[in-house]
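Q: My request is simple: use the sequences and hints to build the entire structure.
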Amino acid sequence: MEIKLYFNVISNDGIYIGIEATAILSGRYMPADFNHDIEDDRECIVESIICFNEDGEESDLTPKETLTEIVYEHIDDNTPQIFSEAMKSDDDIFLSDFKSDHDFSDLT
Numbered sequence: 023m024e025i026k027l028y029f030n031v032i033s034n035d036g037i038y039i040g041i042e043a044t045a046i047l048s049g050r051y052m053p054a055d056f057n058h059d060i061e062d063d064r065e066c067i068v069e070s071i072i073c074f075n076e077d078g079e080e081s082d083l084t085p086k087e088t089l090t091e092i093v094y095e096h097i098d099d100n101t102p103q104i105f106s107e108a109m110k111s112d113d114d115i116f117l118s119d120f121k122s123d124h125d126f127s128d129l130t
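When the count follows the numbering used here, it moves up by one through the sequence shown with no breaks and lands on 130 for the last residue.
Derived by calculation from the structure, the hints in this document are not laboratory data. Incorrect hints may appear among the rest.
[What the hints assert, rightly or not] SDA-like mimics (lysine to any residue), calculated; alpha carbons at most 20 angstroms apart, straight line: (1) K26 to E42; (2) K86 to G40; (3) K26 to I92; (4) K121 to F74; (5) K110 to R64; (6) K110 to Y28; (7) K121 to D98; (8) K121 to N30.
In this text, all values refer to a predicted model and were calculated from it rather than measured experimentally.
A: Encoded structure:
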């Protein structure tokens, strides 16, 4: 299933970078029961990342590896929430903002 994820990365110097990530959900979750242990092979694989400026306009900036890693990590940390939201609705999914320890110049 293809989904769109939205959130902001806030740089250490207070600049908001809007993120739109297109991702593919795969795998499944099977809770533990009497006969077997928990099986959780869910993945949220990011296919593309688009950055937006503070005005909400698509930015032509290219994310550095640090920003890309932050996006992947934030999505990975929220995989259970993403799957839960995706099962409820086919709408876009909005995640909480991510406060970075890096300045804007380190991210873009």
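Q: None of the hints should be skipped; say for each whether it holds.
A: Verification of the hints:
1. The suggested pairing of K26 with E42 holds, with an alpha-carbon distance near 7 angstroms, which does not exceed 20 angstroms.
2. Straight-line distance between C-alpha atoms of K86 and G40 comes to about 14 angstroms, which keeps the hinted pair within the 20 angstroms bound.
3. Distance hint between K26 and I92 is fulfilled; the C-alpha atoms sit about 17 angstroms from each other, no more than 20 angstroms.
4. The straight-line distance between the Cα atoms of K121 and F74 is roughly 16 angstroms, inside the 20 angstroms bound, and the hint therefore holds.
5. Annotation: proposed proximity of K110 to R64 holds, straight-line Cα distance about 16 angstroms (limit 20 angstroms).
6. Using a Cα cut-off of 20 angstroms, the hinted pair K110 and Y28 holds, with the two alpha carbons roughly 17 angstroms apart.
7. For the suggested pair K121 and D98, the alpha carbons sit about 16 angstroms apart, so the restraint of at most 20 angstroms is met.
8. The straight-line distance between the Cα atoms of K121 and N30 is roughly 8 angstroms, inside the 20 angstroms bound, and the hint therefore holds.
When the structure is compared with the earlier hints, no violation turns up for any of them.
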